[in-house]
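**Student:** Listed here are the chains, written in short residue letters.
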Amino acid sequence: MAHLLEVRDLVTRFYTEDGTVHAVNGISYTLDEGESLGIVGESGSGKTVGVLSLMGLIPDPPGRVERGEVFFAGNDLLKLSADQLRDIRGREIAMIFQDPMTSLNPVLTVGYQIAEIMRPHLNLSQEEIAERTVELMELVGIPNAASRRKDFPHQFSGGQRQRIMIAMSLACNPSVLIADEPTTALDVTIQAQIIDLVKRLSQQFGMATIWITHDLGVVAGLVNRVIVMYSGFIVESATVLDLYKNTSHPYTLGLLQSLPSLHTTIAADRLIPIEGAPPDLLQEPVHCPFAPRCQFAVEQCWQENPPLQRVASNHDSACWRWQDVRAATE
Amino acid sequence: MSRTRPQAAKGGSAASVGAEVAGPADDWLVVSRSPVRRAAARFFRDPLAVTGLAIMALIILITLIAPQLYSWDEIINVSNATKLLPPSAAHPFGTDNLGRDQLGRVLWGGRESLRAGYLVVLIGLGGGTILGLISGFAGGWVDNLIQRFVDVLLAIPGILLALSVVGALGPGLVQVMLAVGLANIPDYTRLIRGSVLEAKENEYVRAARVLGASNGRIMFRHILPNVIGPILVYATLGLGIAIMITAGLSYLGLGAQPPSPEWGAMLNLGREFMRHAWWMPVFPGLAIVIAVLSINLVGDGLQDAINPKLRK
Amino acid sequence: MDCFPLHILHGIGKFTCNTTIRRNTMTKRFLLAFAALFVLVLAAACAPVAPAAMEEATGADSMMGGTLRIALPADVTSLDLHKTSRGDDALVVGQWFNATLITQNSDGEYIPYLAESWEFSDDGLTWTFHLRDDVKFHNGDPVTAHDFVWTYERALDPDLASPGTGRRLSGMTFEAPDDYTVVFNFPAPAISLLQFLNWGYMAPMSQRAVEELGAEYELNPVGTGPYKVVEVRPGEGVSMERWDEYNWGPEFFEGANTGPYNFDRIEFSILPEEATRIAALEAGDIDYVNGISNPLDVAILEAAGVTVQQAPYGQVRMVYLQNHVPPFDDVRVRQALNYAVNREEITQIVTDGADQVSRGPISPGMLGYDPEIEEQCGYHFDLDRAKELMQEAGYTYGDDGMLITPDGEPFSLTLIGEPVDSGTAYMEVLQSMWRELGLDITLESTEPSILYPRLTERDYQMGYGRRGGWTSYDYLYAIYHSSTGRDLPGSMRSAVDDPTTDALLEKNRAMASDNPELQGSINELYCHIAGQSYSVWISDGVFRPSIGPRVQGTVAGPAFAGRPVYFSNAYIAPEDR
Amino acid sequence: MLVYTLRRLLLIIPTLLGVSLVIFAILALSPGDPLAAVVSEEYGNTAEDIERIREQLHLNDPLHVQYFNFLWDALRGDLGTSFRGGSSVLNDILARLPSTIQLAIAGLIATMLLGISAGVLAALFRGGLPDKLTMVFAFVGVSIPSVYAALLLLLIFAVELRWFKVVGDEGLKSLILPALAMALIPAGVLARLTRASMLEVMEEDYVRTARSKGIRESLVTLMHIFRNALIPIVTYLGLLAGSLLSGQVFVENVFGRPGLGRFLVDSISARDYPQIRGGILFVAAGYVFVNLIVDLLYGVIDPRITYE
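Protein chains in written order, with our numbering: chain A, 1 to 330; chain B, 1001 to 1312; chain C, 2001 to 2577; chain D, 3001 to 3308.
A portion of the hints provided could be inaccurate.
Said to hold, decoys possible - Computed Cβ-Cβ distance ranges for the label pairs, DEER-style:
(1) B:1081 to D:3156: 28 to 38 Å
(2) A:205 to B:1220: 28 to 38 Å
(3) D:3025 to C:2577: 47 to 57 Å
(4) A:3 to D:3219: 25 to 35 Å
The set of hints was computed from the structure by calculation and includes no laboratory data. All values reported here derive from a predicted model rather than from experimental measurement. C-beta atoms are modelled at their ideal positions from N, C-alpha and C, and glycine is treated no differently.
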């Protein structure tokens, strides 16, 4: 069966005054119907740019999708006209953004902003749109939705705003939902509620989801498969369990070690941060981008950037020394 | 082993992609120096801004050497024989209605126009900065009082201020510019107050306060360096506007006194002859356009350098 | 345009006449022939337009109609005669909607208007005017001698504080022995003041209208002239309508229409910017402008079919000196300044020679001007003589050719003035010329509100001024008589206190215009004042009334009579309305 | 909001008091005698004449008495009578008000049409031809004194092309040229301001959100970018509207329009104290009022702004 979404060799760069930023360097992955995929990486790893690229949301200038194919329902999204792509955005692929504080337009009512997504995509009358807006708001758990429809974003708490974002993204019943760190800006207590909400609703509506996060812990219970990104490359890709158990990339290892876990009993002093600064994206990647921070780095890592290679069934890693890494975790 | 290890990423230069800018450190020197240096680097990489700066420097240089090229007698001596001559090799900018060489006058005029422009900006900037800082920082009744004062100043037409200053001090460009500078204070006050209110909420100001820094120290060491950027930009624009104002005031007989070849006065004189001798208004007008343009280019360059978000 | 520069009786001076006949070549040719004949026969008067001939050519009925559009340079301050005295307002209040006791014809002679005749008592202190009995105000009330007396007494009312009219009548009393006789009683002989009765502000006002309307009177003024005011739009303009009962028009020239005027309406628009007034004339949106200052604009206007009359207008351009303070308490210094001015050069540079050179206190556009006495007693450019005079006065020359005062200081003075009507250019040229004498002049050419206080407080040494409306030798009294005071406000005083000058001024004031000794007496005064060099006289500004091509049948008047153009026979051809 | 409005309206009082005090101070400190421009110098005035007029115009009263008389009269809607013509200052002002407001509104509209559209285009096609053209327009516009702009417009469109009358009422049409002349400089500034504001908003997250919804780009520009870019634009237009009430003397002169700008300059030139005081007080009130409207507009534009 064809994949719902297939990304092949996607390259996105930003041309800035300081030089060319190599944000995404040839990533490929797939997403099946109803599947949920996690993309994990630290700031600047290209995880967000990667999904924005396929949505056609990279601001040009300075950004440009240089290369690659993104098949969705048989079409290459990158080859569609602006109008065709617009028709897919919001209707087929919807997105929830990181910061609900800044992602809602402060001068428009939330009702308008939810209704807005339905107008071009659904053939509904004004009344029906208004009705559905209220339904959606109720669905995501906004009390007094009918009256609060006319309120502005600043009249809602952060969590509520994210719920509104979710309501918005669900409005057209998309087949793919991309959630870009939807909880990082929220209080810890709210985080769980929101994650739960998205999870519940995506299952209810049968949507495939892509979770973008820098927090491996978050995706653990959420997704089937995880992609780890570093410096615009996919460095490891595996099922969640496999990734935890058979970690095959030193960066993933670092992420796991810096993670306080509720399930394990690692003491705080045993959390190990990843040393060194994040990579300089302005440099043309010639060697392994993680090499400067890598405790496993050897001469080869400085000579050649390791390709993503299959290390086990459904498990890929881009490390010359993946076996050593895997051995080290055991 | 000679490998090129990547340097630590240059500050927040990749900020536009989403990397977070490092929070400012506590010592303002550290805070300000590096952004200033980076802004300067950005400024000098902008060809338009550098061109503007070069033209400005050239204008200043030319006006400085003008007295070597033309004597004051040549500037003021009238002659019927050379009246209203179109541009020629002898008089590249033509001659005016009293037979004076316009090139010489334009060169000399730059001295007065630029000096007047700087004076206006200095007064407006100085007064406005102090009032704005106090107003924004102190808040409460002090703020209220200053804001009402600014309202009053804004509500009184600048021309009345200009007339009263000239009435008291006698006519002359400097006197009028003093008044125009005064009239500019409200603009700067408002601008600076707004920035101060914003800056006051910043973490590092709170931090400084927690650490027990005095008000004066916070105001001048922590807030001022952070609000000065937009003000400098506004000031460069104000310089251009000030030169334009001299033309308007000459229309009313205020400002530079004859036979001073101040650009605004020349432009105003040219108005009477615009249908008979195009070169009379056009050359001083061009001088103003070029000066204003260069100042604006510098201003834009500064704006872009300080706030790279708006870059082209 | 037919212009006949003529020399008129008792030294009044030369002025140009013209007729503005366009498009109708038949009429023009006829008129040229007629005018030539007339000049041959009379040889002493300006060719009058032959209105009778024009009426024959176009038909009397068809001359009526249309709107005359006039541009004014400044807001009308007030249409209440006693609340303003500005020259710009005079055109509105005087020529169009008011009538005066007497007026002046194109020869400058005093002729009846509302008064049929008048006489002076032997001592010159009592003037008696006999009024017409058929004159009506615009509100229909008859005009009687009582209206005049009431009007003038109102002007003298201290509570009204009339700025112009009241002051001119100061010290006078008025009587109305019967309904049609008005008597003026003067405290001192001042027959030369007769001219001021031709001034629009001396018109009668309707007591009933003033009292009934109160503060509203200004917006609904009532007069006795050929047009009545129908709307006043402050800052924008005034609209007038023809007063059909008007039939007391004076005989400004032979064949002048004395009945209602031809234009249905007059629209005054206020256009402060001269360039706009010129553009409006050029585009045909305005029919008449009272003056054009830049001589270069004449060509533009003539190309657009506009007729530009050019005549000297008693617009004295002069530099006032503070005669009672150093360095001007020394007559040699004052004379040196006069000798050092090259008047031919200055008028050439500033006005292309259009302004008339004026070598002494009475200028060519003024009543009482005599070219021979000007030649004899006036100043001719003589830089060497000027330098000698300075040295006689104790000044020396430094190495740089600049003057040093007897105290050993560099000699520098400040000249202040208003930057209107080429004023700045005149001042700049003067500065340059006096630099040749070795005098370092600082200029202050500034706004009236700055200038006037400095003038009144005597916070200056030399003041450049241009006065319009001083159309008679009598102005000398106002600036050189000791009673005008050193310490009073008022801008252009010369602070002269000299018994000889006073006596000469008083003597002239007491002489009637038909006194055969008048010109001789004026000349004596001229030479005395010129010799004293109380001021630096430069030129007489040319006044350029400009008439658009739609208007036909205008006749040029002597500018000093307050009417540069007579409109009594003017009309707009039906096809142009 | 009602409370806020009322409070702001109350704040007008101290502001106007301040203005009146400053005017009085300025007039009192200016050297010279206001009578200079009032009495004519052509014929002799005696010292008694002068003294009488001075008394008549209350110029001999102590300054504080003059000030309180002025305040008291102003409170009763009486701004005094002109030194020169004796006309009611309030009537003088009201007579010029309609024309002033018409011109101010026309000038504002022209400024907005030119400035905002140029600024929006420049921001949308940043770095492209419209951007460059806008910059050129802004620079040239800012560098042409409005007197010249007005005269050139008049000569080209009224004298040469005859599309308009130089003078004469043509209804709304006669507002076009003066409005354009007035708009030239502020439109240049506004274009740059709009551009900068738009570019700043374009970077906002909610614009990306809007795009992710798949709505038309025109809708994104209008509802999401432009609406949010409005605040600095409105601030500038508010300042401009205030200055348009009194600062258009050049345009008023050239087009012969009876405006408050010319009225004020004329009365200042003539030192007509009642006209100066009344005129400036009126203009100041207008300015404060416009400011209030702008502040209330902020609330409409940006719901986050609340009026406590």
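**Student:** That 47 to 57 Å hint for residue 3025 of chain D and residue 2577 of chain C (C-beta), does it hold up?
**Tutor:** Given about 55 Å between the Cβ atoms, the range holds.
**Student:** Given the range 28 to 38 Å, decide if the beta-carbon distance of residue 1081 of chain B to residue 3156 of chain D lies inside it.
**Tutor:** Once the Cβ atoms are compared, 34 Å apart, the range 28 to 38 Å for residue 3156 of chain D and residue 1081 of chain B holds.
**Student:** Given the hint of 28 to 38 Å, is the C-beta distance from residue 205 of chain A to residue 1220 of chain B inside that range or not?
**Tutor:** 58 Å Cβ-Cβ, so the 28 to 38 Å window is violated.
**Student:** Just to be sure I understand the hint, the distance between the Cβ atoms of residue 3 of chain A and residue 3219 of chain D should be within 25 to 35 Å; is that true here?
**Tutor:** 32 Å, holds
Going through the hint list in order, the structure does not satisfy hint 2, though it satisfies all others.
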